[in-house]
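Enquirer: Protein sequences appear in the order of chains P and D. Okay, so the first sequence: first residue is 810 according to our numbering, each after it adds one. Okay, so the second sequence: first residue is 58 according to our numbering, each after it adds one.
No lab work stands behind these hints, which were simulated from the structure alone. By construction, the Cβ of each residue, glycine as well, lies at the ideal position given by its N, Cα and C atoms. Check the hints yourself; a few may be wrong.
Covered stretches of chain D (chain P as the covering partner; in silico rule of three or more C-beta atoms under 8 Å from a C-beta of chain P) [unchecked claim]: (1) 219-228; (2) 616-626; (3) 691-699.
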Amino acid sequence: MAESVLHPPEILVSSDNLIISRWPDKAMLDLRLSPVPETQQHIQNAIGCILPADPNSFVTSASLRIGWLGPDEWVMTGARDAIAQAEANLALHLTDVHHSLVDISGNRSCFSVAGADAVNLVAVGCSLDFAGPTFESDLCVQTLLARAQVMIFKQRETQSFEIYPRRSFSSYLSLWLQTAAREFIDQGNSETIF
Amino acid sequence: MTAPLRTAAGDAIDRSKSIRFTFDGTSYTGYAGDTLASALLANGIHLVGRSFKYHRPRGILSAGSEEPNALVRVGLEGYSESNARATMVELYDGLTAYSQNAWPSLRWDMGAINNRISRFFPAGFYYKTFLGSAAIWTRIFEPFIRKMAGLGPAPTKPDPDSYTKRHAHCDLLVIGAGPAGLSAATAAVASGARVILVDENARVGGQLRASQSSIDGAKASTWAEATAATIKSAPGCRVLSRTTAFGVYDNALVMAVERVSDHRGTGVPGPRQRLWQIRARHIIVAAGAHEQPLRFINNDLPGIMLASAARLYLEQYGVLTGRQIILLGQDEETRALLTAAGAQVTQLSRETTISKAVGGNRVSALLIRDAQGQKQKLKCDCVLMAGPWQPAVHLHSQAGGKTVYDEQAKAFLPVGGPAWLTSAGSCRTPLSTAQCLIDGRTVTDRILSDLGYSPTAISRPSCHDDGVQLAAEVPVEDGAKAFIDYQNDVTTADIDLAYREGFISVEHLKRYTTTGMATDQGKLSNVAALERMAQRLNVQPGAVGTTTFRPPYTPVTFGTLAAHDSGDLLDPIRETAMHGWHIEQGAEFENVGQWKRPYYYPRSGETMDDAVRRECRAVRESVGMLDASTLGKIDIQGPDAVRFLERIYTNAWAKLEIGRCRYGVMCSEDGMVMDDGVTARIADDRFITFTTTGNAAHVLDHMEDYLQTEWPDLKVYLTSVTEHWAASVVTGPRSRDVVSSVVQGIDFENDSFPHLAWREGRIGDVPVRVYRISFTGEMSYEVHCPSPSGRAVWEALYKAGEPFGITAYGTETMHVLRAEKGYIIIGQETDGTVSPVDLGLNWAISKKKPDFIGKRSLARPDMKRTDRKQLVGLVPSDRKTCLEEGAQIAIMPMQQAPHPMIGHVTSAYWSEILQTPFALALVKDGRQSEGERVHAHFDGKVIPCEVTKAVFYDPAGENMNG
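Please construct the entire structure, taking both the sequences and the accompanying hints into account.
Expert: Spelled out as structure tokens, the structure:
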């Protein structure tokens, strides 16, 4: 059925300065545990890297991206089989550790926003500072974009965003992104901060 | 063709670009860069409107955002905007402007009769005149006042413009790009700070735009433009012109409106305005000061204006405001400039007293008494007032800062306020241009070290200091029509009246006389009103005090505040995975929080009643399907999961086996029902809990709150999986036939998969969890699958049900069916004052558990009262009339109010299976009243009903146990 078929992203907006796409749902795990050193060792053994300790950061391993959601909560995204593999390995290595590992692949939709005006577009609806010096790193934040609760991954290198609303907000956010993008496309000129 | 009053000067205008515009239907010409005010003045037009109350002819008083008089309507139809300040409207080709508050014409206005009979309209006349009954008020007084009051009509067509918002962050926000602001921003930028500089005008410079000073060897206005360009090019910095910072909020949040395309005309691409939400580490307010008018009789005649405005019109726009000018002030430079431009300028000696100004639609002379007391009539076509300068303390005041009155400055100066906001330049105290440049720099150097930047060594802008311009001291004769507040037509006589009648507190004064209200918020009137009251009270103006300034500094359109949050984006619409299917099937939707849930699925020609009856029949007789994806779902894991559930819910969980489900009730600490739902045991240390749709987030917060703050010792983790699972309910006598034909890997025999059990299976390659839970009283299977497959699973089940006439049903049918079984709905049968005992759920309250949330409250004496409202059923005696939710219940029909009521209806429907109306109700001592007759009151009707048990259909539960 549909779930196992990989779809290409749906391009919502495409201009010189802004590309907005909706991606097929990404496989996702929610991991909760206390990240004491022994546990981090188990994690390292299971998936080849440890959980990021810096608030609102993310790390990338060969096949996974792991975002910090709270002092005892992380999210992992990746291809379906990579996530399935990680789930099995973690379950194996964490047998003696109090934890919860939940498949939440259906929880959220995924949009990407890239281009010179990506930062400006997100700033239309999000009060976080993605342009300042404190945010010059890979970020994983939970916040509001317009009126939808979202999880945002911002890649430092590309200054692009992956935005994950709860999937029931997908239509709303899609419409909002396209509406908010108009000012950057209408003017036909890129307005960048840096 | 050059307009009659254009000179050779004008920094802001482009003489190569002529622009045509109309005012009150007459066509005029101006230049690119003009404001509507400067273009009208260039054409010799001072009369632009009629005043609010007395309909007196009014002209252009200022050259900025403080303008109280020159309010016009610009644009047509949906683009129409009333009360636009002509001084801030930039000219564009085809601009259409109209005067306001005048009929039949601006020059001959009938409303001006108010001026003749003005002694009948003193301050507070509303309160003295419009007395009487409420009926007189609504029928006579209010329509009359509505017709008379107000300036300009509201547009009648929808606004075709688009608006946007932007969040921004900086180390330093500088408000005002005059000498102090530019100097401050330059120093901050040089030290590497992130700076945003905003200015409300089209061109930066503030008073530098009208200055003869030279800075660093350049003309002041040229220096300003070059400096702003340098700031703009610095990394991470912005200069926003045409941007008004209108509100300061806690922790240095500033709201500003940028007029993106107002100056380009209507219908241009892109947003019209942008709302900026700027979070700064520090704010420097360098908003300058407002020159105040002088108070003499008829000081509101067109042609009488501020001296600083006349200079700005001359320097920026090359416009002379008159040919025969009387300058009320000692400023030699202004005199020289106006004279050089071709005007004949008269200055009064210090011994002269002003009696009054005279004129019709334009000032024609000033009557004075000279030093010897001789009356004189000085002919003129323009009077310039050089009053004291009042710092723009509005933003400082909004942030919580106070003001003190300064005798020498004759102005209120800012003091105190939060650590994150500093006033600089003439916004702080009267300063010369050179002093403003120094002040901006000094203030910034201090702030930068606090922000962790090293103040830069760049040299200060050099400028000759020609000292602070002092206000004119012009003695005037007292009289009734010396205007204090131009926009609200408040005169010195009104202030005096307020004093005589005891409205001497500054807050009373404002509300009684309306001085300082309206769109200009008293920028040119507050000080004079307070000084007048102080004079009457024989105290210093500081002792009278000031009212608090509140946002917005200048008016902001609703469109800008709403921006994208309008129309389809007004509020998010949450959709389930099956939403598209529901739409294709023609479902009507019901809003449940932000969710859109199918309400019912009408077939062609069906009313809602028809559809619901059909859906109810289908479920009771064959099989129906409901989208239950919106239910909250919480994954609970950990060795202490059972202990956790035992404390959260009123009932017991320890003995629930893996593969089984149980209904649970949770209370708040007050013992009242908070939520209910089914919980299934997935593994020894893992459960999934279902919550009601509306309470999903609240219940998760409640649980997480207890885990983190009350029971940190419990080893339990919670994860929201609400949106991970889509849920299709298949219910009815044929539900097993449908589900078992599609779902593989589950033995559906009743013995191996009984009611209140759950099993794991699959449909194709989609893993599913099937829960045998019933909210209809029929045999029911809830098929949960990962949301991306939600629609496919739904369709597979629906297709399998077609041979049985499977019928999709919505929330209304769901409500009817559950009510027939007496199942409660949180928020319908409960309202935060209903306990589980009141609902007859005693069986779900464990007597053995040591504790659960609400246990102690349930033991209170009040909970044991027998006359608490209890859940019962009602059946109307005529078996025909449906009751209404909220209907009040009394034992006997009400004869006369007040009448004792014993309860109210919580749910009321028509039962298709029982062919009778029925209701659930909360009735005092209801369970003891079974079989008795009561009366429901609603809509003026009195319906006799019988009290029954709160279950109407299949009380033994044979159907759902199948």
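Enquirer: Next, verify each hint and record whether it holds.
Expert: Status of each hint after checking the structure:
{"no.": "1", "hint": "219-228", "verdict": "holds (count 7)"}
{"no.": "2", "hint": "616-626", "verdict": "holds (count 4)"}
{"no.": "3", "hint": "691-699", "verdict": "holds (count 4)"}
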